[in-house]
Amino acid sequence: MSMLYDEGQQAIATESRRVLDARVGKDRLLALLEKTGEFDQAFWDTAVEQGWTALAIPEEHGGLGLSLVELGLVAQASGAATAGAPFLTFGYGAARALIDGSDKDAAANWLPKLASGEALGTVAFAEGSTPLPPVAAVTFDGGKLSGTKPAVAGGLKADFAIVWANAGGKPVLVLAELAGADRKAVSSYDNSRLYADLTFAGTPATVLAEGDAARALALDVLARMAVVTAHEQTGGAEALLHTARDYAVTRKAFGQPIGAFQSIKHRIAEMYGLVEIARANCIHAAASEGKDNFLIAAADARIAATDGYDTASRDCVQIHGGIGVTWELGLHLHMRRARSLAVELGNLYFWEDLLVEQLTGEAA
Amino acid sequence: MSELEAYRSKAQAWLESMAPKYAREARRGMTVEEELALGREFQALKYEAGYAGINWPTDFGGQGLTHLHKITYDALEMNYGMPTVFFGISLGMPVPILMRFGLGENKEHAAWVKERVVKALRGEEIWCQLFSEPAGGSDLAGLRTRAEPEGNGWKMNGQKIWTSWAQYCDYGVIVVRTDPTVEKHKGLTYFWVDMKAKGVDVRPIKLAGGDSHVNEVFFDDVRLEDSQRMSPVGGGFGVALATLMIERYIATDSGGFGPALDVFVDLVKDLEINGRPALKDARVRQQIARNHSMRAGLESITSRAFQMMMAGMEPGPEGSLQKLVAVRSRQKLSELAMDLQGNLGLDFDPHAYVKEDWGASWLNAPTGRIAGGSDEVLLNTIAEKILGLPQDHRPDKGVAFNQIPA
Chain A
48 MSMLYDEGQQ AIATESRRVL DARVGKDRLL ALLEKTGEFD QAFWDTAVEQ GWTALAIPEE
108 HGGLGLSLVE LGLVAQASGA ATAGAPFLTF GYGAARALID GSDKDAAANW LPKLASGEAL
168 GTVAFAEGST PLPPVAAVTF DGGKLSGTKP AVAGGLKADF AIVWANAGGK PVLVLAELAG
228 ADRKAVSSYD NSRLYADLTF AGTPATVLAE GDAARALALD VLARMAVVTA HEQTGGAEAL
288 LHTARDYAVT RKAFGQPIGA FQSIKHRIAE MYGLVEIARA NCIHAAASEG KDNFLIAAAD
348 ARIAATDGYD TASRDCVQIH GGIGVTWELG LHLHMRRARS LAVELGNLYF WEDLLVEQLT
408 GEAA
Chain B
66 MSELEAYRSK AQAWLESMAP KYAREARRGM TVEEELALGR EFQALKYEAG YAGINWPTDF
126 GGQGLTHLHK ITYDALEMNY GMPTVFFGIS LGMPVPILMR FGLGENKEHA AWVKERVVKA
186 LRGEEIWCQL FSEPAGGSDL AGLRTRAEPE GNGWKMNGQK IWTSWAQYCD YGVIVVRTDP
246 TVEKHKGLTY FWVDMKAKGV DVRPIKLAGG DSHVNEVFFD DVRLEDSQRM SPVGGGFGVA
306 LATLMIERYI ATDSGGFGPA LDVFVDLVKD LEINGRPALK DARVRQQIAR NHSMRAGLES
366 ITSRAFQMMM AGMEPGPEGS LQKLVAVRSR QKLSELAMDL QGNLGLDFDP HAYVKEDWGA
426 SWLNAPTGRI AGGSDEVLLN TIAEKILGLP QDHRPDKGVA FNQIPA
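Protein sequences, first through last, are from chains A and B. Going by the numbering used here, the first sequence opens with residue 48, and the numbers climb by one from there. Going by the numbering used here, the second sequence opens with residue 66, and the numbers climb by one from there.
Looking at chain A on its own, in the form it has when it is part of the complex:
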């Protein structure tokens, strides 16, 4: 299953690129790096105004009822500009947990607010190096959550979180309002992601799914977020490909453009290959939403895009030489984002194991 973008989808891609080009500036992004606890409010206002928060939420809940394909295209444009707030991905993850969870009242309450941008949601599954721990350290008992989820993206400003927890040996997916949690800002190499340690001490929470259903829902939410992120990573990698290419045709050394040296041009050609393979995987994954092979397609996209963005940021800086490592040029915005996105959605060890388990039936 793969697809061609239709006219409406192409218009979303073009329009989101145009808006972000006009409203996202390198200076603001660079300044944000040195501030803990702030994010790109101007980007988020744009996201709300453009209806990106509503894109993939069903119409009956105040959304636009579009799919992962459209949201992916916006994420791709955001990735190219290193724009973005964690809520584009994590707010979507929270919405999906509500849409497919069992608490219809919570869905009716929060989904319209997520769609309108009035509320911010996030997803708190990971603990340490494990994106979805087999047995969570955070516990759920008698309607209350206890324990800490470390460095949750968006955790500092979100109104609520979807939390992966352990209820007496059985996994649960619950919704907790964060007003009742302790939040400690985490200073990071990519500060605008609003990372916070969330500590729950008897925080009230409502159940969205339990047992096997909780695990299946959590995996689906994670895979969907991974597909959005893969688009963002691909957008970033493609921007770096163009930057590297443009520099290689203008910068001269030894009497010719450096792009005439095969050590440079082949590196850029390899980058092109990684970008196109990541893009093709993203399109395939977004078009496979809701299908049997979705987890496989999502893992494929996650792997290709993570590898592509990391490699592109490494190589693009290298091709620039000294100027590439300056604060002012800002390539480090991509270096940082490539790593934060690689980690936020779970390292590749997790996705490789998940993919092989899906393909062979053999768990790691």
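Treat the hints loosely; a few may be bogus.
Claimed, not checked - According to the in silico footprint, chain B covers these stretches of chain A (three or more CB under 8 Å from chain B):
(1) 105–115
(2) 290–298
(3) 316–322
The hints are simulated quantities; they were obtained by calculation from the structure and are not laboratory data. Think of the CB as a built atom: it goes at the ideal place given N, C-alpha and C, for glycine as much as any other residue.
Given the structure of chain A, go ahead and fit chain B onto it with the hints provided.
Chain B only, in chain A's frame:
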């Protein structure tokens, strides 16, 4: 069911009916000559059934269908391993070029060309492509085989190399130098040549994998009539490029024409590393995952190219990644599969099929990375043609061929 789906299922049924006699299983243990004889038989049946020259004009014995029909059929046929390898180049490049450039100024050769085309489609005659030379593979325009005017025709001398199936060929298309005093691209002319003519000497080259499908071809005072000329004098490079541009979108294989990833997984399922199931080993899992992701990407590119063609659009240039990426990774995956088998993987059958056997896949992979555009040339092409990066420094640029330092 769409028209194309109906076509696919009809073709599938036909191939199924042919399989017992002609497919891979039926040919195990045969010599190359036996396979060729069976291949000619299959090709004739294929012609009768309307699966030869699928997208060629009906005027020349083709079916007049679309390119999509052709790649639909080719992808199916590939699964059966039919004995068509001998005709792949013949029908892929030289014969289409003959139809385009061999008719003569006033189509005076049209009847002769049609006769050749039908015989080629039926597998009765085979054509080769005589481009590469010892001094010019990637640097095609650096070729040295020369043709000099002789009476109202030409006299050809020189040597070609890596010519696939030349030992079984009846005709070939050839680029030669007719003027060494001008720039290298400008002194070339394109002809067809009778491979049985006096002075043509074909010598098979045994490759590392043990087979001998490529040849050296020597020309010693070979007579060419001027009617065999398929380009203007000095205009041969353009026709050569046209030859190489044909069929940019052929049936591809994300496995690099080696074993499918399922074959790897099946192998690993029965193996152990240090007393643990190999499938539990993180190194093995990582390779399965990485290869799957890469192949899925290539398959999505192919699928989208197909959809674009169905929608009447030109597919994107990303299709040019297929061979580069797929064959390179097939080579590494083959090494891994051999490692995993340990001493048991030392057992080697030189006649094993590359899509089934890891040793055969590994030993023949380097050919795949060199033939039809080496990895390095493909990377240059992507960099220059798609990304607009500068050409390499070329000291022979603007220099007459006979002034280029040897």
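For each hint, the structure was consulted:
1. 105–115: violated (count 0)
2. 290–298: holds (count 3)
3. 316–322: holds (count 4)
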